[in-house]
Amino acid sequence: MSIKYGDDKIPYIDLGDNYKIRLEYEEISDKKTIDKAYKELRETPELKCSALKEFKEMIEGESDLIFPTEEPFMLTFLRPSKYYTKSAFQKVQKYFKFKQKHKKVCEQLVVDSVRNVFDDDLIKYMPLRDKHGRRILYNHCGKRWNSERVSIYDIFRAMQLSLIASMCEPATQVNGVCVIMDMEGLSLGQIMHFTPSFAAMVLEWTQECIPVRLKNIFIINNSYIFNMLFAIFKPFISSKLRKRIHFINKNYNILTEQLGEHCLPKQLNGTLPIDYVDGKLLADFLKLFDKQFDLINLSGYNKNPEQRKFVEEGAKEALDHITQK
Numbered sequence: 001m002s003i004k005y006g007d008d009k010i011p012y013i014d015l016g017d018n019y020k021i022r023l024e025y026e027e028i029s030d031k032k033t034i035d036k037a038y039k040e041l042r043e044t045p046e047l048k049c050s051a052l053k054e055f056k057e058m059i060e061g062e063s064d065l066i067f068p069t070e071e072p073f074m075l076t077f078l079r080p081s082k083y084y085t086k087s088a089f090q091k092v093q094k095y096f097k098f099k100q101k102h103k104k105v106c107e108q109l110v111v112d113s114v115r116n117v118f119d120d121d122l123i124k125y126m127p128l129r130d131k132h133g134r135r136i137l138y139n140h141c142g143k144r145w146n147s148e149r150v151s152i153y154d155i156f157r158a159m160q161l162s163l164i165a166s167m168c169e170p171a172t173q174v175n176g177v178c179v180i181m182d183m184e185g186l187s188l189g190q191i192m193h194f195t196p197s198f199a200a201m202v203l204e205w206t207q208e209c210i211p212v213r214l215k216n217i218f219i220i221n222n223s224y225i226f227n228m229l230f231a232i233f234k235p236f237i238s239s240k241l242r243k244r245i246h247f248i249n250k251n252y253n254i255l256t257e258q259l260g261e262h263c264l265p266k267q268l269n270g271t272l273p274i275d276y277v278d279g280k281l282l283a284d285f286l287k288l289f290d291k292q293f294d295l296i297n298l299s300g301y302n303k304n305p306e307q308r309k310f311v312e313e314g315a316k317e318a319l320d321h322i323t324q325k
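For the sequence shown, UniProt numbering gives the first residue as 1, with consecutive numbering after it.
Fair warning: there could be bad hints in the mix.
To be verified - Derived DSS-like pairs: lysine-lysine, alpha-carbon spacing no greater than 27 Å straight-line: (1) Lys280 / Lys9; (2) Lys20 / Lys36; (3) Lys56 / Lys131; (4) Lys101 / Lys240; (5) Lys101 / Lys266; (6) Lys266 / Lys104; (7) Lys82 / Lys32; (8) Lys31 / Lys94; (9) Lys91 / Lys234; (10) Lys280 / Lys20; (11) Lys91 / Lys53; (12) Lys266 / Lys103; (13) Lys86 / Lys215; (14) Lys280 / Lys56; (15) Lys48 / Lys94; (16) Lys9 / Lys291; (17) Lys215 / Lys82; (18) Lys234 / Lys39; (19) Lys91 / Lys280; (20) Lys266 / Lys97; (21) Lys266 / Lys131; (22) Lys91 / Lys215; (23) Lys36 / Lys101; (24) Lys101 / Lys234; (25) Lys53 / Lys20; (26) Lys82 / Lys104; (27) Lys131 / Lys215; (28) Lys4 / Lys287; (29) Lys215 / Lys97; (30) Lys143 / Lys280; (31) Lys86 / Lys36; (32) Lys20 / Lys32; (33) Lys234 / Lys143; (34) Lys103 / Lys250; (35) Lys131 / Lys243; (36) Lys82 / Lys131; (37) Lys91 / Lys103.
It is worth saying that the hints were derived from the structure and are not from the lab.
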């Protein structure tokens with residue numbers, strides 16, 4: 001496994017056998033995804049144009065909100081909101097007010113600040129999308145998690161980082177994300193880190209703030225201990241999210257039915273003939289996109305005019321970086 005660059009000069013992780021992990025920042029062009037965007041998100045060239053114009057006016061009308069108004073960044077919020085500009089703007093407000101409220105877990109969100117999470121292989125990207133075109137993230141939250149070396153807040157920060165990288169992909173904006181959470185070996189001592197305040201924060205972020213079409217969360221290898229913990233917080237989970245959380249323990253056939261065999265490794269009853277990518281290599285790969293993470297760090301509620309200048313410059317640099325202009 002190694003990091004390589006394509007003819008377009010965009011980096012990717014070469015996994016061998018023609019498999020790779022690559023962030024797909026190209027605008028959608030295949031008929032299947034375009035049709036899906038129309039059917040599920042109401043996306044048409046006309047609506048897209050008018051919504052971008054209206055959304056930009058809303059952002060610029062919020063004097064202390066600093067957010068890049070280039071098309072790729074605005075689509076990050078418009079698509080998951082199905083081009084309802086009011087909903088998209090409310091999502092922007094909630095996202096950055098959450099960041100302001102929870103500075104401890106949102107400030108300086110760059111790869112080097114959460115390398116311990118990746119070094120311990122706690123968060124992974126699957127190289128292939130599922131049969132519905134959805135990006136798959138895989139989280140280890142059980143015996144592999146050393147809570148003395150990696151805090152639960154570190155894991156949350158790394159999860160934010162992973163989703164920021166994904167939510168900027170046009171294909172992911174349309175198709176969505178699925179998360180697999182592996183709870184094998186989760187101990188009572190580890191569960192004590194899931195405090196009510198932490199759970200409330202994560203639920204607020206998941207249900208109210210992130211501009212991502214979170215389609216499914218699959219809990220695998222879950223024990224009765226985790227099930228007891230979930231029962232405590234279940235009343236605070238919205239009915240919409242609750243329907244998308246699936247406890248499957250070791251019934252991996254549910255995964256293959258829902259996602260497809262092609263995108264899952266053999267240990268999950270899939271046919272993907274490669275191992276998971278090394279966490280340290282994944283961190284090195286994501287670090288190549290620090291300009292995008294820096295842009296999110298600079299964005300938000302701030303009355304400093306210099307900050308706005310930094311965001312405008314950062315947006316241009318980030319766009320140039322992912323398009324290699």
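Where does the structure disagree with the numbered hints, that is, which hint numbers, in rising order?
3, 5, 6, 8, 12, 14, 18, 19, 20, 23, 25, 26, 34
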